[in-house]
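Residue numbers (the UniProt record's numbering), protein chains in the order written: chain A, 1 to 286; chain B, 1 to 269; chain C, 1 to 328.
Any given hint could be a false lead.
To be verified - Beyond 10 Å from chain C on every Cβ pair, some chain B residues (computed):
1) S5
2) Q7
3) L18
4) D45
5) A63
6) F94
7) R125
8) S251
9) V252
Claimed, not checked - With a Cα cut of at most 20 Å, we get these calculated SDA-like pairs of lysine to any residue:
10) C:K183 <-> C:S4
11) C:K67 <-> C:K110
12) C:K259 <-> C:S298
13) A:K8 <-> B:G96
14) A:K8 <-> B:Q164
15) A:K92 <-> B:Q164
16) B:K8 <-> A:A83
17) B:K9 <-> A:L95
18) C:K110 <-> B:P260
19) A:K94 <-> A:P168
20) B:K9 <-> A:L99
21) A:K94 <-> B:V24
22) C:K61 <-> C:N75
23) B:K6 <-> A:A83
24) A:K94 <-> B:L243
25) A:K193 <-> A:L95
26) A:K92 <-> B:P23
27) A:K193 <-> A:Y170
28) A:K188 <-> A:W199
29) A:K94 <-> B:W13
30) A:K8 <-> B:G159
31) C:K130 <-> C:E118
32) C:K17 <-> C:S58
33) A:K92 <-> B:L22
34) C:K61 <-> C:H10
35) B:K97 <-> B:S157
36) C:K17 <-> A:E5
37) C:K76 <-> B:Q164
As the list claims (entries may be wrong) - Counterexamples of contact, computed for chain B against chain A with all Cβ distances above 10 Å:
38) I61
39) L65
40) A98
The hints are simulated quantities; they were obtained by calculation from the structure and are not laboratory data. Glycine is no exception: its CB is placed at the ideal position from the N, C-alpha and C atoms.
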Amino acid sequence: MKLSETNKAWILLTPALLFLSLPAYGLFSAIWTSLHENGSFTTKHYRTLFQQETFWESIGYSVRITLLSTVLSLVLGLLITRAFSPFIQSTKGKLSIWLPMLFPHFVWGYIVLLLFEQSGLISHLLVEMGLISSTSSFPIITNDQNGIGIILTYVGKETPFVVLMLLPIYAKQQDGYKDLVQTLGGGKWAAFKDAEWPWVSPVLLEAGIILFAFILSAYEVPFLLGATFPEMISVLTYDWFYSGDWNERPLAFAAMIITSVLIGIMSFIAFSAMNRKRMLLTKGQG
Amino acid sequence: MDRLSKQKKIQFWALTLLFFILPVVFLFLKSVVLNFGFGRSSGIDFTLRGWETLFSESQLIQATLVSLGIGALVVFLNLSVGLLAGKALAFYSFKGKALIEALFLLPLIVPLLAIAMGIHVAMIRIGLSDTWIGVVLIHLVPTVPYSIKMLQSGYASIGTGLLQQAKVLGTNRWHRFFSVELPLLMPSIRSTVFLIFVISLSQYVITAIIGGGNVVTLAMIYFPFLDSAESTVLAAFSAWFALLPILFYLSVELLLSLLPYQNPWRTRL
Amino acid sequence: MTPSFITVEHTSKSFNKEAIFSNLSFTLNKGDILSIVGPSGSGKTTLLRCLAGLESFSTGKFLINGKNVTALEANKRPVSLVFQHPLLFPHMTIQENVAYGLAFQRRKKKERLRHAQELINQVGLTGYEKSFPYELSGGQQQRVSLARSLAISPNLLLLDEPFSSLDVRLRNEMRTWVRQLLKDQEITAIFVTHDKEEAMQMGDYVGVFENGQFQQIGEPEHVYHSPANAFVADFFGDHLLVDQETFIPVQSLFLSRSKPKQVGSVWEGIMKNKLHVHGHSLYQVFIEDLNQHVTVSSSINLTIDEPIYVSAHPDSVQTFTNQQQRNG
Numbered sequence: 001m002k003l004s005e006t007n008k009a010w011i012l013l014t015p016a017l018l019f020l021s022l023p024a025y026g027l028f029s030a031i032w033t034s035l036h037e038n039g040s041f042t043t044k045h046y047r048t049l050f051q052q053e054t055f056w057e058s059i060g061y062s063v064r065i066t067l068l069s070t071v072l073s074l075v076l077g078l079l080i081t082r083a084f085s086p087f088i089q090s091t092k093g094k095l096s097i098w099l100p101m102l103f104p105h106f107v108w109g110y111i112v113l114l115l116f117e118q119s120g121l122i123s124h125l126l127v128e129m130g131l132i133s134s135t136s137s138f139p140i141i142t143n144d145q146n147g148i149g150i151i152l153t154y155v156g157k158e159t160p161f162v163v164l165m166l167l168p169i170y171a172k173q174q175d176g177y178k179d180l181v182q183t184l185g186g187g188k189w190a191a192f193k194d195a196e197w198p199w200v201s202p203v204l205l206e207a208g209i210i211l212f213a214f215i216l217s218a219y220e221v222p223f224l225l226g227a228t229f230p231e232m233i234s235v236l237t238y239d240w241f242y243s244g245d246w247n248e249r250p251l252a253f254a255a256m257i258i259t260s261v262l263i264g265i266m267s268f269i270a271f272s273a274m275n276r277k278r279m280l281l282t283k284g285q286g
Numbered sequence: 001m002d003r004l005s006k007q008k009k010i011q012f013w014a015l016t017l018l019f020f021i022l023p024v025v026f027l028f029l030k031s032v033v034l035n036f037g038f039g040r041s042s043g044i045d046f047t048l049r050g051w052e053t054l055f056s057e058s059q060l061i062q063a064t065l066v067s068l069g070i071g072a073l074v075v076f077l078n079l080s081v082g083l084l085a086g087k088a089l090a091f092y093s094f095k096g097k098a099l100i101e102a103l104f105l106l107p108l109i110v111p112l113l114a115i116a117m118g119i120h121v122a123m124i125r126i127g128l129s130d131t132w133i134g135v136v137l138i139h140l141v142p143t144v145p146y147s148i149k150m151l152q153s154g155y156a157s158i159g160t161g162l163l164q165q166a167k168v169l170g171t172n173r174w175h176r177f178f179s180v181e182l183p184l185l186m187p188s189i190r191s192t193v194f195l196i197f198v199i200s201l202s203q204y205v206i207t208a209i210i211g212g213g214n215v216v217t218l219a220m221i222y223f224p225f226l227d228s229a230e231s232t233v234l235a236a237f238s239a240w241f242a243l244l245p246i247l248f249y250l251s252v253e254l255l256l257s258l259l260p261y262q263n264p265w266r267t268r269l
Numbered sequence: 001m002t003p004s005f006i007t008v009e010h011t012s013k014s015f016n017k018e019a020i021f022s023n024l025s026f027t028l029n030k031g032d033i034l035s036i037v038g039p040s041g042s043g044k045t046t047l048l049r050c051l052a053g054l055e056s057f058s059t060g061k062f063l064i065n066g067k068n069v070t071a072l073e074a075n076k077r078p079v080s081l082v083f084q085h086p087l088l089f090p091h092m093t094i095q096e097n098v099a100y101g102l103a104f105q106r107r108k109k110k111e112r113l114r115h116a117q118e119l120i121n122q123v124g125l126t127g128y129e130k131s132f133p134y135e136l137s138g139g140q141q142q143r144v145s146l147a148r149s150l151a152i153s154p155n156l157l158l159l160d161e162p163f164s165s166l167d168v169r170l171r172n173e174m175r176t177w178v179r180q181l182l183k184d185q186e187i188t189a190i191f192v193t194h195d196k197e198e199a200m201q202m203g204d205y206v207g208v209f210e211n212g213q214f215q216q217i218g219e220p221e222h223v224y225h226s227p228a229n230a231f232v233a234d235f236f237g238d239h240l241l242v243d244q245e246t247f248i249p250v251q252s253l254f255l256s257r258s259k260p261k262q263v264g265s266v267w268e269g270i271m272k273n274k275l276h277v278h279g280h281s282l283y284q285v286f287i288e289d290l291n292q293h294v295t296v297s298s299s300i301n302l303t304i305d306e307p308i309y310v311s312a313h314p315d316s317v318q319t320f321t322n323q324q325q326r327n328g
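With the rest of the complex left out, here is chain A (with noise of 0.2 Å):
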C-alpha cells in the first residue's frame, strides 16, 4: 500500500518529534516542581521568591544586560551585512567573520578578560601610549556591576549568530524590487523600507527571541565575567540548586519558571508588535 503524502511527513517527522519529548518533559518537571512540596501543590515557592531582594535586583540586572546584549547584536549584525554582504559571502570573508563561532562562550569571556582587564592588552597598550598613566587608572569593565564585560563578550560572540542569520537574505536579495521602488520615485528609506524589511524582518526577530532567551538565562559567560553583586538569575539559580540548603533547590525552579515566563512574554509582544504591523501592511493594500 502506498503511504499518503501526510503520512509520510509524520513519519519521517517522528524522531524529532521524540526528540521534542526531552525539553517538553524537562520544562514541565520544572514547573511541577516548583509548585509542589511533598507531593501537595504549594505556591510557597514563589511567595518566598517574590519576597527575596537579591532575586528582583538578579531579574532587573539580567533583563538589562540581556536587552543590551541583544540589540546591540542586532543592530551590529544588520549594519555589518547590509554593508558588506559581497564581502561575506567569499570563503575568507565567511571564516573570518565567524571566527568566533568557533569558542565557546566562556572562552571568548576569557578573551575579553584578557583584552580588557585592568591587567589586560588594552590597558597595557594605553599606558605604553602615555595615555593613562599606570594599568589601575583603566576603567574597571570586565566583572564589573554594570556588567560591561558580560556584554562586550556576547555582543562579540552574538554578531557573527545574526549574520550567519540574515546572509542567506542578502545573498538572494533581488535588486529588483529595489529598483522597482526607486523607480516608482521611493528614496533609499522607502526602498529599504518596503523592499528589504519586509524580508529582514522576520529573520531578525527570530534571531532576537533566541538570543533574549539565551543570553537571559545562560551561566557561563556571567559566571565568568559577572560581579559578585548584583548576580545574573541563571548564576543565582545554580547557587541555589547547589546549595547545601535543600530549602532553596525549589526557589532554583521558580526562578528559572519565572524566568521561562518572561521570555514568553518578551517573544509574545515582538511577535504581536510585528503582526499588527503585518496586518496594517494587509489593510493599506485593500
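Using the hints, position chains B and C against chain A.
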C-alpha cells in the same frame, strides 16, 4: 563605484581584523608568550611551556577524548534527526506544519538550565544521571533545532525536481539518498557538523548538572583551571577549544570523502 | 483485435475533493506518440505525473502491456519522465547522469557504461562524457536528460513540455530531431505541451485537453480540419465559430469592401492588425456580432480600423464532429 567598493572592502577587513581576527591571534600569542615586555625595554619572551604543561595533564587528554566521543555522538544523532525532519519540512505540506516549525524552535527559547534541572530527577530515576548517555541526551536540546533548520534549508535548495527525476529513473530510496541527496546536501551537512560540535563542546552548566561531575568533558575542567593555572597554560587551553572542532571537522571530512561522488580531484561545481 | 500496449481506463484525480480530471480513458499501440495539448491549468501535467507514478490516480486503472501498474511506485514503473527543465545531477558527469538509472538493472558495470555511451552517441554528444552539466548549453542538457530517460528502456516515455525552456530556433530543431529519435527506436511516448503547432508536429495523435477532459483525440490533420467542438476549433484558432454547432474554416473566408450579394453568410468586421506570413498579407479582423477575432488572407489593401465585410459560401459551413473519443 569601483573606488567605493574598494573603500568598503578596506572597511570590512579593518572591522573583522579589529573585532574578530586580532583577539584570536592575541589568544594564540598569549599561549606562547611569557611576557610582552610592557614597561621594560627588553624583548618578548617566547615559550612553549604553556602547551607542554597543558598536555602533560592526563586529565586534559582524558577530557578531550570524552568531549570528542560525546560530540561525535551528538553530531551523529543530530544528522539523523535533522535529515529526516528537514526533508519533511522542506518538501511536504500538511496540516499543522507552521505549529511544528514553531515547536522545533522552542528548545532554543526555554532556558536550558530549567530543562536540565527538570530532567535531572528523571535521569536519576532511570539511571542516566552521571552517565555519558545522559549528557549526550541533554546536549541534543540546544543542538537539534539548529540541525533541523539548517538541513531543512539544505533540502529546500536542492528542490523536489531532482529527487523526483531520480525516482522516475527507477532507483530505490537508499540509492537515491546516497547518490543524490547526500552529495548535494554536503554544504549544509558540513556546517551542521561544525556548528553542532562547537555547541556540544561549549556546554558547561547542563553537563555539570546531568553528568554530576562524573562525566568530565573539557568544559568541566576549564572552569577550575581559570583559578589556578598560569596565563600561558590557560591561553593554550582556550586555544585548544578552537583547535578541537577543526580537528574533528577534518576527520569527518576524511570520512565523508569515502561517500560516492566526493572525490576531491573531480571538477566541482 | 490485439490488446493495446498502453491502456488508461476511467482514471480520475482530485485534490481535496476538487476534480483535476475525471473518467479519462485512452489507449496507445506500441511506438505511438500521443501529444496532449491544452491551455495551462487544464490538468495535463497532473495527468502526466499520475502516469509517472509521482502522484496516484484517485480512481481507475493503468495498464502497460497487459500488466496493471496502477499501484506501483514511480521507481517501480517501466515509465520514464522528461521534465520541463533538464534536471541533470550537477555533481555527476554526463556519462554518470546517463548511466544513473541503469544502476538498478541487473547488468555488469562495463555493460552499463557501454549502453550509456551508445545513448550519448545517439543524442549527438560524443566527446562530452566526462563533462559536467554546467559546461553544456540548455539544448545539450535537455538532450542528456532525454538520453538518461531512454537509457532505462522504458515502456512508456513521458515528456512534459521539454522544449519550453529553450529558445525558439533551438526548439524547432529539437522537435524534429526528438521525433525522429523516438520513431527510430519505436518508443511509445506521451508528449505534453501548450503549443498547438508543437503538438501537431510531435504526435501521431493529438489529444486536446481542457477541463480535465479530452475534448478530442485524433490524427493531427483530422483534429485540425474537423474539430469536435467549439473549444477545439477555438483552441486551434483557424476557424470562425458561427455558433455552438457550426464553424467555417478560415481559408473559406474572404474579405470585401462592398457587401457581397450571392453568399449566405456575411458579417461586418473591423480590421485590427496586419501580419505578413509566407509572402501573404493576413488581416486580423474583429467581428462584433460574433465577438471574435479572425485572421483572413486577402489581397486588398486595408488600413487599421477600416470596416470590412467577411463572408463565406454557404457550403463551406461545417458542423462539429460528434464527441466520440478515438482510440489510437
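Structure-based check of each hint:
Non-interface call for B:S5 relative to chain C: holds, since the shortest CB-CB distance, roughly 27 Å, exceeds 10 Å. Distance to chain C confirms B:Q7 as a non-interface residue, since its nearest Cβ pair spans about 34 Å, more than 10 Å. For B:L18, the non-interface assignment is confirmed: its Cβ lies about 39 Å from the closest Cβ of chain C, beyond the 10 Å cut-off. With a closest Cβ-Cβ approach of about 52 Å to chain C, B:D45 is found to remain outside the 10 Å limit, as its non-interface label requires.
Annotated as non-interface, B:A63 keeps its C-beta farther than 10 Å from every C-beta of chain C; the closest such distance is 39 Å. Chain C leaves B:F94 outside its interface by the beta-carbon criterion, the shortest separation being 12 Å against a cut-off of 10 Å. The Cβ of B:R125 lies farther than 10 Å from every Cβ of chain C, with a closest approach of about 45 Å, so its non-interface assignment holds. Residue-level check passed: B:S251 sits 23 Å from the nearest beta carbon of chain C, beyond 10 Å.
Here B:V252 stays apart from chain C, with its beta-carbon at least about 19 Å from theirs, past the 10 Å limit. For the given pair, C:K183 sits about 18 Å from C:S4 by alpha-carbon distance, which is consistent with the 20 Å threshold. For the suggested pair C:K67 and C:K110, the alpha carbons sit about 31 Å apart, so the restraint of at most 20 Å is broken. Between C:K259 and C:S298 the alpha-carbon distance is near 16 Å, which keeps this suggested pair within the 20 Å criterion.
This hinted pair checks out: A:K8 and B:G96 have alpha carbons roughly 14 Å apart, not beyond 20 Å. Using a Cα cut-off of 20 Å, the hinted pair A:K8 and B:Q164 holds, with the two alpha carbons roughly 15 Å apart. Simply put, A:K92 and B:Q164 have alpha-carbon atoms about 36 Å apart, too far for the 20 Å limit, and the pair is violated. Note on B:K8 and A:A83: the hinted pairing holds, with a Cα-Cα distance of about 8 Å set against a maximum of 20 Å.
Under the criterion of a C-alpha separation no larger than 20 Å, the hint pairing B:K9 with A:L95 is consistent with the structure, at around 15 Å. For the hint linking C:K110 to B:P260, the alpha-carbon distance of about 18 Å falls within 20 Å, and the restraint holds. Pair hint A:K94 plus A:P168 holds up; C-alpha atoms about 12 Å apart against a cutoff of 20 Å. Only pairs whose Cα atoms come within 20 Å are accepted, and B:K9 paired with A:L99 is accepted, the gap being roughly 18 Å.
Proximity of A:K94 to B:V24 is assessed by CA-CA distance (about 16 Å); at most 20 Å being required, the pair is judged to hold. Restraint check for C:K61 and C:N75: satisfied, since their Cα atoms lie roughly 18 Å apart, inside the 20 Å limit. Proximity of B:K6 to A:A83 is assessed by CA-CA distance (about 13 Å); at most 20 Å being required, the pair is judged to hold. With a CA separation close to 18 Å, the supplied pair A:K94 and B:L243 stays within the 20 Å bound.
A C-alpha spacing of about 30 Å is found between A:K193 and A:L95, which places the hinted pair above 20 Å, so the restraint is violated. Distance restraint check for A:K92 and B:P23: the Cα-Cα separation of roughly 17 Å lies within the 20 Å cut-off, and the hinted pair is therefore satisfied. Note on A:K193 and A:Y170: the hinted pairing holds, with a Cα-Cα distance of about 15 Å set against a maximum of 20 Å. Straight-line distance between C-alpha atoms of A:K188 and A:W199 comes to about 16 Å, which keeps the hinted pair within the 20 Å bound.
In summary, the hint linking A:K94 to B:W13 is supported, as the alpha carbons are separated by about 12 Å, within the 20 Å threshold. This hinted pair checks out: A:K8 and B:G159 have alpha carbons roughly 17 Å apart, not beyond 20 Å. Pair hint C:K130 plus C:E118 holds up; C-alpha atoms about 15 Å apart against a cutoff of 20 Å. Restraint check: the Cα-Cα separation between C:K17 and C:S58 comes to about 10 Å, which is no more than 20 Å; the hinted pair holds.
A threshold of 20 Å between alpha carbons decides the hint, and for A:K92 with B:L22 the separation of about 15 Å falls inside it, so the pair holds. For the hint pairing C:K61 with C:H10, the CA-to-CA distance comes to about 7 Å; that is within 20 Å, so the pair holds. With a CA separation close to 19 Å, the supplied pair B:K97 and B:S157 stays within the 20 Å bound. For the proposed pair C:K17 and A:E5, the alpha carbon gap of about 16 Å is at most 20 Å, so the pair holds.
A hinted pair counts as satisfied when its Cα atoms are at most 20 Å apart, and C:K76 with B:Q164 qualifies at roughly 13 Å. With 10 Å as the threshold on Cβ separation, the claim that B:I61 sits away from chain A holds: the shortest Cβ distance comes to roughly 19 Å. Every Cβ of chain A is farther than 10 Å from the Cβ of B:L65; the closest lies at roughly 18 Å, confirming the non-interface assignment. Interface exclusion of B:A98 from chain A stands, the closest Cβ pair being 13 Å apart, more than 10 Å.
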